[in-house]
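The whole structure should be built from the sequences, with the hints applied where relevant.
Number of protein chains: 2
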Amino acid sequence: MITERLQALRKEMLAQNIDAYIIPSSDPHQSEYVADHWKVRAYFSGFTGSAGTLVITQDKAALWTDSRYFLQVEEECANSEVTLYKQTIPHAPEHIPWLCETLENNTVIGIDFRQFSKAQVDYLQEFATPKNIQLQHEATIVDTIWKDRPSMPSQPIEEHLVVFTGETTASKLSKVKNEIQRQKAGFYFFSSLDEIAWLFNIRSNDVDFTPLVTAYALVDIDKTILFCYKERFSEELLQQASELQIEIYAYDTVLEHLPALTANQKVITDDASLNYAIFNAIAERFIFQNSIAQQLKAIKNSVEIEGAKKCILKDGIALTKFFIWLEKEVEKRSISEYEIGEKLTHFRQQQAHYTGNSFAPIVGYKGNGAIIHYSATKEGAALVQNEGILLIDSGGQYKDGTTDITRTIWLGGTPSDTIKMAYTAVLKGYISLEQLQFPLGTTGVQIDAFARMHLWKHGMNYPHGTGHGIGSYGMVHEPAQGFATSTTTSRGSTVHLPNQLTTIEPGYYVTDEFGIRIENIVLSKVTQTTDFGTFLGFEPLTLCYVDTTLINIDSLTKEEVQWLNTYHAFVLQELTPHLTAEEHNWLADKCKAISLS
Amino acid sequence: MITERLQALRKEMLAQNIDAYIIPSSDPHQSEYVADHWKVRAYFSGFTGSAGTLVITQDKAALWTDSRYFLQVEEECANSEVTLYKQTIPHAPEHIPWLCETLENNTVIGIDFRQFSKAQVDYLQEFATPKNIQLQHEATIVDTIWKDRPSMPSQPIEEHLVVFTGETTASKLSKVKNEIQRQKAGFYFFSSLDEIAWLFNIRSNDVDFTPLVTAYALVDIDKTILFCYKERFSEELLQQASELQIEIYAYDTVLEHLPALTANQKVITDDASLNYAIFNAIAERFIFQNSIAQQLKAIKNSVEIEGAKKCILKDGIALTKFFIWLEKEVEKRSISEYEIGEKLTHFRQQQAHYTGNSFAPIVGYKGNGAIIHYSATKEGAALVQNEGILLIDSGGQYKDGTTDITRTIWLGGTPSDTIKMAYTAVLKGYISLEQLQFPLGTTGVQIDAFARMHLWKHGMNYPHGTGHGIGSYGMVHEPAQGFATSTTTSRGSTVHLPNQLTTIEPGYYVTDEFGIRIENIVLSKVTQTTDFGTFLGFEPLTLCYVDTTLINIDSLTKEEVQWLNTYHAFVLQELTPHLTAEEHNWLADKCKAISLS
Chain A
762 MITERLQALR
772 KEMLAQNIDA
782 YIIPSSDPHQ
792 SEYVADHWKV
802 RAYFSGFTGS
812 AGTLVITQDK
822 AALWTDSRYF
832 LQVEEECANS
842 EVTLYKQTIP
852 HAPEHIPWLC
862 ETLENNTVIG
872 IDFRQFSKAQ
882 VDYLQEFATP
892 KNIQLQHEAT
902 IVDTIWKDRP
912 SMPSQPIEEH
922 LVVFTGETTA
932 SKLSKVKNEI
942 QRQKAGFYFF
952 SSLDEIAWLF
962 NIRSNDVDFT
972 PLVTAYALVD
982 IDKTILFCYK
992 ERFSEELLQQ
1002 ASELQIEIYA
1012 YDTVLEHLPA
1022 LTANQKVITD
1032 DASLNYAIFN
1042 AIAERFIFQN
1052 SIAQQLKAIK
1062 NSVEIEGAKK
1072 CILKDGIALT
1082 KFFIWLEKEV
1092 EKRSISEYEI
1102 GEKLTHFRQQ
1112 QAHYTGNSFA
1122 PIVGYKGNGA
1132 IIHYSATKEG
1142 AALVQNEGIL
1152 LIDSGGQYKD
1162 GTTDITRTIW
1172 LGGTPSDTIK
1182 MAYTAVLKGY
1192 ISLEQLQFPL
1202 GTTGVQIDAF
1212 ARMHLWKHGM
1222 NYPHGTGHGI
1232 GSYGMVHEPA
1242 QGFATSTTTS
1252 RGSTVHLPNQ
1262 LTTIEPGYYV
1272 TDEFGIRIEN
1282 IVLSKVTQTT
1292 DFGTFLGFEP
1302 LTLCYVDTTL
1312 INIDSLTKEE
1322 VQWLNTYHAF
1332 VLQELTPHLT
1342 AEEHNWLADK
1352 CKAISLS
Chain B
762 MITERLQALR
772 KEMLAQNIDA
782 YIIPSSDPHQ
792 SEYVADHWKV
802 RAYFSGFTGS
812 AGTLVITQDK
822 AALWTDSRYF
832 LQVEEECANS
842 EVTLYKQTIP
852 HAPEHIPWLC
862 ETLENNTVIG
872 IDFRQFSKAQ
882 VDYLQEFATP
892 KNIQLQHEAT
902 IVDTIWKDRP
912 SMPSQPIEEH
922 LVVFTGETTA
932 SKLSKVKNEI
942 QRQKAGFYFF
952 SSLDEIAWLF
962 NIRSNDVDFT
972 PLVTAYALVD
982 IDKTILFCYK
992 ERFSEELLQQ
1002 ASELQIEIYA
1012 YDTVLEHLPA
1022 LTANQKVITD
1032 DASLNYAIFN
1042 AIAERFIFQN
1052 SIAQQLKAIK
1062 NSVEIEGAKK
1072 CILKDGIALT
1082 KFFIWLEKEV
1092 EKRSISEYEI
1102 GEKLTHFRQQ
1112 QAHYTGNSFA
1122 PIVGYKGNGA
1132 IIHYSATKEG
1142 AALVQNEGIL
1152 LIDSGGQYKD
1162 GTTDITRTIW
1172 LGGTPSDTIK
1182 MAYTAVLKGY
1192 ISLEQLQFPL
1202 GTTGVQIDAF
1212 ARMHLWKHGM
1222 NYPHGTGHGI
1232 GSYGMVHEPA
1242 QGFATSTTTS
1252 RGSTVHLPNQ
1262 LTTIEPGYYV
1272 TDEFGIRIEN
1282 IVLSKVTQTT
1292 DFGTFLGFEP
1302 LTLCYVDTTL
1312 INIDSLTKEE
1322 VQWLNTYHAF
1332 VLQELTPHLT
1342 AEEHNWLADK
1352 CKAISLS
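For the protein sequence lines, the chains are A and B, in the order given.
Start counting the first sequence at 762; every next residue gets the next number (my numbering).
Start counting the second sequence at 762; every next residue gets the next number (my numbering).
Which copy? The list can't say, so a pair holds if one copy fits it or any two copies do.
Distance condition first, Cα-Cα at most 30 Å in a straight line; then the derived DSS-like pairs of lysine-lysine:
hint	residue 1	residue 2
1	984	879
2	1353	1319
3	1319	1181
4	821	847
In case anyone wonders, no lab produced these hints; they're calculated from the structure.
Here it is, written out as structure tokens:
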């Protein structure tokens, strides 16, 4: 199937004199999860992971992705000519120097400009220009081959009520308008679906796992234009929009209208989410900055923080019931990883305001836990038995917030010394970073290593960042703050600020053997102000027990033991009012205090 | 005096229609320490620190420098109109946005292109161009006013023997030539005095504290041209140069010869040290890269590492004798900080191959210890008495290496809880970073915070990086590796590699009260290789006791106590063979093991 598709693409490339065609994972909004219409890379490669780029020439089909996906690619592309090329740095465009090295002088690369940011095209041209390699915008070649390509999203749009958002669209728009005036510009243009959903307090289900609406937005001082199909709005929503001087233009008319609408004026935008087709339309009139919406959105207001606490409580209830079910059920029978994921979803579905999962649950038994973004299929899932180790990373979308939690549990039998040592080092890393106090101005790259130091001590490590921002009924991976080993990602280069929600999730993975990860959502807050400035720290919000069977208790410090006991007392106290007596007893046992011998 | 100089400069600026004149601290080689000829900023501002930029307009004389120098500027510029502007980030060109904001449209900024790198001019133009502010190259304006300006250095040049360097010039040049061929270029051009001294194994004393030779070098496959005054070479050196196909051209003919010498060919260089006047000469033919010499030089060979150990041993002997002298002498009388610095120099002078200090000794008593780059003058020095706290940061140049060490000692009386708490936190920070094991690929910014975490815990911090590379009879601050809080400096952005020499030097400062800093030189080396790659760690080389009077022993961990006892045993063992029995007894007491109560 993949072979046929690649053959068809190559035939078309030959016809159009294209020597290489690059297919990224993105949509025209540089989204992480994309609508089915934009799953072009998956269509041509078979690889379904969320990050990766396919480069096709007449004799190669090179799939570039990072270490999180190496095992997944090996499985999904096993029977095709698609070859894995390993990125050293996640999301880095390492395929570009390689491709331009591979291609002859005076050749042609085809790309759909809509799927590439300006920075990506600039970087590509840096390597292409010296060899006189031309870039050719190709927006139709895929449609020619992909006959049953899914159409653009058309579901109804819902208002995300102010009881959840804590701030009206009018208030958010006024902040954007202040920024336009402060910069003496004419307009602010938004491409990021996540920022548009936040700004207009609208949600829908255009993409998997994230309640976003496919749109562009152009804000000026007097009015606002939302490029989005009008049929998707109710009469009531249209009325509200009208009151806010918001006009609705059809989504696909943005390129046509933008030049005239903004004539002669400066337009502020974030080039990280701007696609190259739109950049081209009014190129030199754009002013680039880190999106004001992204900056505002990253600081949660009190309603959003309360919402996060509410949905995390619901998540905690669901997870407790789920782990009780799992513990009992696996004593009776083997259960597939897929069924476990479905059951976890079932428990979340019982909770108020749940609308779906925030990503595909990762249920990785033994060696599958080492596949960092593993997603068991109904057919291919492993059978989980009453022994060994199980990693579960999952999250929900609730109208009051978005969750993301990982726990690794021991099902039975005797854990190896390696597993216990690694689990303990991962837990110690989580505690070290979560308990750190640091000055305002500190970026993610400066403190990421606190989560790794205990692993490093033993010559161990994990091949992913240590955490990411999380949205409010928005993206599970929300820019910009987080923890990473380099400043090539915003998670490394961004300063942590009070009232942000971020995950801390160190791990440890041994291919084919096991995976360990422990992940909580933490709230950043001011801890003290001294002569040396303001200091911040993290408060854990996630409510779920941490399996103590895998801990080498005597290699914890007094402070670490105290942290664990305090955390478990907090989990038990918060969840108990929502549990039956039997459930409470079960949880109380999981949460019982440990002590050094 | 400063007023007169500024008046004369402003008169000249008016005559030449220059609205603002920028005077940096650099020479045409972007050196840290510069020859007297280039001390232009000090001449016009009175500020003698090593980093800072003076911006002069008709109504302002703005001195931009970083927090290390705030107190020094306040003192040195107290009686002039020179105003301190505080840089938030050391060395960041924060004066440029400020200046271009201050100036009207269509004005003129004068600068001596030789004192600015290409990156600095580019950055300046970024802000100047939108307001149509012109840059005017002014290489003579200073000479007009500074009648007794010191001439260019002319002392004899010495060969730095291979028994010290461990590698011949021929071998080093062949590596540069390989790089030229690898890059298919014609030439490699060097501007950095430190790289030139390393590459040609030559030394002199052109600048303060660093045994450098003022020169440029142009390497091609067949021959090498050294731009340097020929009179400075002995017959023997000229003969050696000739055997290596090295030709000597006069230093000040570089701009005249470079275009013709390199005609039509690509020239690799490092734009960090290249000045804009030279860049302009053959602009588009330069290829920029991090200097190969800098990269090679940062990895010490076994002779250099042995040399470092030898001169550190000599330093340790000198310091021990010095601290014994100080302890006895201060019981008898008050001693000025200046005399203490002189005496320390005296003890270093007794050691073989000592040629001078690697920077002006910092002897800071009580509040003066809080001035991070304090340098007591003969007249203004404080009198040190037999009580309170004293910070001493000093280093020597020996033919076998360069040293840099800081110790903070308690002279007598009862230390406050704050001082003990801070001293203990600084020591714990030193130990945490020095004892860290980390994967190959780790940059300075990722691990700098380990030296700060114990201070951060108490809402404390220090306003400088945590360490820097150090040369081999070269620069005391050698690029590129180190530890810093951001990647705007190479010390933050550079990966640590095996066989590098780096300082670790956390501190704590309370203005007008006291300063604490503990600094050792450490050698980076491979500790283990696992499935997760190669891991590195640091070995402390510096040999000097750490004052234990100021430690809150019971707030150390078992591991920290063990580290201190092991370190002290090592110091005592290495130094003892070189001490008298009396000196040994004194040191044995300072080094005696501590234990938790």
